[in-house]
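For the record, the sequence lines run as chains A and B. Quick note: to get the numbering used here, add 123 to the position in the first sequence (first position is 1). Quick note: to get the numbering used here, add 123 to the position in the second sequence (first position is 1).
Careful, some of the hints might be misleading.
DEER-style ranges, computed between Cβ atoms [said to hold, decoys possible]:
no.: 1; chain 1: B; residue 1: Arg504; chain 2: A; residue 2: Gly507; range: 28 to 36 Å
no.: 2; chain 1: B; residue 1: Ser494; chain 2: A; residue 2: His270; range: 31 to 39 Å
no.: 3; chain 1: A; residue 1: Val188; chain 2: B; residue 2: Pro444; range: 47 to 55 Å
No wet-lab data here; the hints were simulated from the structure. Just so it is clear, CB atoms sit at the ideal spot from N, CA and C, and this is done for glycine as well.
Protein chains: 2
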Amino acid sequence: MKFVIIGGDAAGMSAASRAKRRQPGTEVMVLEQTDDVSYSACGMPYNIADPTREMDDLIVRHPRVFREKQGIDLRTGHRVEAIDPVQKAVRGTTCGGKSFQVPYDKLLIATGASAIIPGLPGFDLPGVMGLKNLEDGRRIKRFMADHKTRKDIIIGMGYIALEMCEALRARQLDVTMVKTRPVFLPWMNEDLSAMVKEEVTANGVAIYPGQEVRAIEQVDGDLKVGCQDLKLDAQMVLAAIGVRPNSGLAQDAGLQLGKKMAIAVDKSLRTSEQDIYAAGDCADAYHVVTGRKTWVPLALRANRAGWAVADNVTGGAKMLPGIVGTAVFKVFNLQVARTGLNPAEAIDAGFEPIEVMIKGRTRAHAHPGASTIGVQMVGDRKSGRLLGVQMVGKEGVAHRIDAAAVALHAGMTVDAFSQSDLAYAPPFGPVWDPLLTAANQLSKKI
Amino acid sequence: MKFVIIGGDAAGMSAASRAKRRQPGTEVMVLEQTDDVSYSACGMPYNIADPTREMDDLIVRHPRVFREKQGIDLRTGHRVEAIDPVQKAVRGTTCGGKSFQVPYDKLLIATGASAIIPGLPGFDLPGVMGLKNLEDGRRIKRFMADHKTRKDIIIGMGYIALEMCEALRARQLDVTMVKTRPVFLPWMNEDLSAMVKEEVTANGVAIYPGQEVRAIEQVDGDLKVGCQDLKLDAQMVLAAIGVRPNSGLAQDAGLQLGKKMAIAVDKSLRTSEQDIYAAGDCADAYHVVTGRKTWVPLALRANRAGWAVADNVTGGAKMLPGIVGTAVFKVFNLQVARTGLNPAEAIDAGFEPIEVMIKGRTRAHAHPGASTIGVQMVGDRKSGRLLGVQMVGKEGVAHRIDAAAVALHAGMTVDAFSQSDLAYAPPFGPVWDPLLTAANQLSKKI
Numbered sequence: 124m125k126f127v128i129i130g131g132d133a134a135g136m137s138a139a140s141r142a143k144r145r146q147p148g149t150e151v152m153v154l155e156q157t158d159d160v161s162y163s164a165c166g167m168p169y170n171i172a173d174p175t176r177e178m179d180d181l182i183v184r185h186p187r188v189f190r191e192k193q194g195i196d197l198r199t200g201h202r203v204e205a206i207d208p209v210q211k212a213v214r215g216t217t218c219g220g221k222s223f224q225v226p227y228d229k230l231l232i233a234t235g236a237s238a239i240i241p242g243l244p245g246f247d248l249p250g251v252m253g254l255k256n257l258e259d260g261r262r263i264k265r266f267m268a269d270h271k272t273r274k275d276i277i278i279g280m281g282y283i284a285l286e287m288c289e290a291l292r293a294r295q296l297d298v299t300m301v302k303t304r305p306v307f308l309p310w311m312n313e314d315l316s317a318m319v320k321e322e323v324t325a326n327g328v329a330i331y332p333g334q335e336v337r338a339i340e341q342v343d344g345d346l347k348v349g350c351q352d353l354k355l356d357a358q359m360v361l362a363a364i365g366v367r368p369n370s371g372l373a374q375d376a377g378l379q380l381g382k383k384m385a386i387a388v389d390k391s392l393r394t395s396e397q398d399i400y401a402a403g404d405c406a407d408a409y410h411v412v413t414g415r416k417t418w419v420p421l422a423l424r425a426n427r428a429g430w431a432v433a434d435n436v437t438g439g440a441k442m443l444p445g446i447v448g449t450a451v452f453k454v455f456n457l458q459v460a461r462t463g464l465n466p467a468e469a470i471d472a473g474f475e476p477i478e479v480m481i482k483g484r485t486r487a488h489a490h491p492g493a494s495t496i497g498v499q500m501v502g503d504r505k506s507g508r509l510l511g512v513q514m515v516g517k518e519g520v521a522h523r524i525d526a527a528a529v530a531l532h533a534g535m536t537v538d539a540f541s542q543s544d545l546a547y548a549p550p551f552g553p554v555w556d557p558l559l560t561a562a563n564q565l566s567k568k569i
Numbered sequence: 124m125k126f127v128i129i130g131g132d133a134a135g136m137s138a139a140s141r142a143k144r145r146q147p148g149t150e151v152m153v154l155e156q157t158d159d160v161s162y163s164a165c166g167m168p169y170n171i172a173d174p175t176r177e178m179d180d181l182i183v184r185h186p187r188v189f190r191e192k193q194g195i196d197l198r199t200g201h202r203v204e205a206i207d208p209v210q211k212a213v214r215g216t217t218c219g220g221k222s223f224q225v226p227y228d229k230l231l232i233a234t235g236a237s238a239i240i241p242g243l244p245g246f247d248l249p250g251v252m253g254l255k256n257l258e259d260g261r262r263i264k265r266f267m268a269d270h271k272t273r274k275d276i277i278i279g280m281g282y283i284a285l286e287m288c289e290a291l292r293a294r295q296l297d298v299t300m301v302k303t304r305p306v307f308l309p310w311m312n313e314d315l316s317a318m319v320k321e322e323v324t325a326n327g328v329a330i331y332p333g334q335e336v337r338a339i340e341q342v343d344g345d346l347k348v349g350c351q352d353l354k355l356d357a358q359m360v361l362a363a364i365g366v367r368p369n370s371g372l373a374q375d376a377g378l379q380l381g382k383k384m385a386i387a388v389d390k391s392l393r394t395s396e397q398d399i400y401a402a403g404d405c406a407d408a409y410h411v412v413t414g415r416k417t418w419v420p421l422a423l424r425a426n427r428a429g430w431a432v433a434d435n436v437t438g439g440a441k442m443l444p445g446i447v448g449t450a451v452f453k454v455f456n457l458q459v460a461r462t463g464l465n466p467a468e469a470i471d472a473g474f475e476p477i478e479v480m481i482k483g484r485t486r487a488h489a490h491p492g493a494s495t496i497g498v499q500m501v502g503d504r505k506s507g508r509l510l511g512v513q514m515v516g517k518e519g520v521a522h523r524i525d526a527a528a529v530a531l532h533a534g535m536t537v538d539a540f541s542q543s544d545l546a547y548a549p550p551f552g553p554v555w556d557p558l559l560t561a562a563n564q565l566s567k568k569i
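Just chain A, same shape as in the assembly (with noise of 0.2 Å):
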């Protein structure tokens, strides 16, 4: 059986490491057209914080092991370019030039997704770079090496543009931040965000939402960044508007695409030809609170799904329930975290959402060195059921946000929930732990 692969990071070399251990006799091959595989993606803005490191540290598995210990036929530099399902094969280009064409019996697409560029003038000068794959993260840190960088405009208020302006204050660069968009964090509770926008203007970083971006100059080795109605200058402009899914090869091909142009697949991750599979950040996914599909690029999600494609072309039957929208990012000395949906997400799936926003600490009573942390939490009237919590604090919010996901992940009531015996002692929390006040309220409220 011969199992091919498109794209070697998170979910296409999962897949191939799990279906050579299920199967030894798996003949897998996997094509990936840059030279990097199986690298800590998410780790880029804190590598680039730090000029002592090399960008190749985030490596975690070289391409020789897999070769050469696991039995995998990697080629990168190898692009595909298109797929045939009638045939059952790929076709494509090496970096030589060289045209190639692969059959297979099942095919995996774990393409990925990549920064949106806008099309506008100026995004092609030299120091406008996006940030996605380990070959953007290496052109960044030359580029800050060799020019001197003393000023950054990053577009976009996501969680990579808000990682990034946290790694380039770390270098001292002058960072200022905008958007198209008039809110700062639309997706997030008003409070909250108030909290994150207060973090990151106390740490230097100047914050423009409502800013389009008309145009892009370089004017005496400066680019100058025009927006509405802001001039800025810097000599290195990060576009962070956002990523897409790389599915244009799987729509070639004639299969479905889904939520936000991903491709989409059902649960055992099967796209709508019979023999190709798609997974991670190219491919949709179901949400487990709306039954709806969704499409969040995020590492858990695509290793979990390479894993279940190898399971399933190696013989085994693994459905994935889906995901309920977790993420959490850190921002200077905040961390934000979000589960399940926010009351409008809510609405849109047709839910009665009523919310509560509590402020507690986050250690107990007398408990030096406590802090503020706020909790939004979502419930639907009909049901009862908990819907989603948002998270800000500077301690004890990344872990904590996992308690609500699993809730979610059972299809908890707000009040059961409630009743969870959480963990308590003076160091971590107070008695009643943040999430079991806002639960408690919202309980009171439905």
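Please build the complex by placing chain B on the supplied structure of chain A, with the hints as guidance.
Positioned in the frame of chain A, the structure of chain B alone reads:
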């Protein structure tokens, strides 16, 4: 309606406040034998660690607030000595030696637990102390201030013993810990227990399990502690071998006792007498995983039970599902947590436990500052259910355990738990959270 409460700490004052809030016409009387109500008992070790802080910092709400702002008839210095369920009255003596008798319509026994002080020679000497209530805490601090204490011996190795060994090391004392049973933390996985032991000894604490204390003598102003094969000397001895429920009053009144001689209550916190409730450390509780009774003297449970009693005496019908045995403590730089059953408890409850023990990292690949996190996970071979988790690490343990606690409440299988969409970002853990790695491995084993 007259609602009388015996005991003015977590359960008692929670019940009093909530009953008055829900139904302001209720006559609420609290009879407390000490002068302290509503304080953070768990904060005492941290308060003792800092000689500049007053023990009274731990008081959450002063008696006058309950009396003047909340209209609660709070009587401190009132020791109840008998309950008469037939006459529906309680009798006792004030600290001034006056007898009192009070009738009730509904009664709550919230008498808490007491530190066990062995009846051995010398345990009544000055300098030999327990730590359960605020007055115990004040006595320890006073003793340390008055006696230039240089050496302390802690008898016992439970949560309080370990928190106190950290506190006393912070005060520059020589600390030696002894206990009768030969195993350091018998309820804990061996590898995890070894991590805790290493941390404690690395911080200069001498540990002697398997050393039964026989007697304490006072010689030249010092205390000599005679153990099996060991003679130790110190200025202060802390007896922290455990606590027992204060259920004597209830027993004398003919109420049914349950697990570990705690007062037996149903899910509505009612005792074997129709109009008498019990809540907090003096009462037992249901264990959600086993469905059986258990006795766990912890603060959250006490507060929650107090609220439920208030609901039930004011016309509500609150049933508490029970606890899952979640606990966390900090010792030096380690966080130690557990929830659910360990393998021995699982066997005892009729399960067929299968376990895994993994060591993971607290941060992502190549992220600076990562350290080891140990996770033991137990599941049931027959049903596939998650039964319990134990965890030790320098960071990310205290709140991570809550995800497992919620899964236990929901009755999740290990396999379902392994599919949880947990939060990931490089500063907070690897892509596969240590909880998920443990669940993946355990799921395969089951």
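Results of checking the hints against the structure:
1. The supplied range of 28 to 36 Å is met by Arg504(B) and Gly507(A), whose beta-carbon atoms lie about 34 Å from each other.
2. Taking the beta carbon of each, Ser494(B) and His270(A) are about 37 Å apart, inside 31 to 39 Å as hinted.
3. Hint check: Val188(A) to Pro444(B), Cβ distance near 49 Å, so the stated range 47 to 55 Å holds.
This entry satisfies every hint, going by the numbered hints stated previously.
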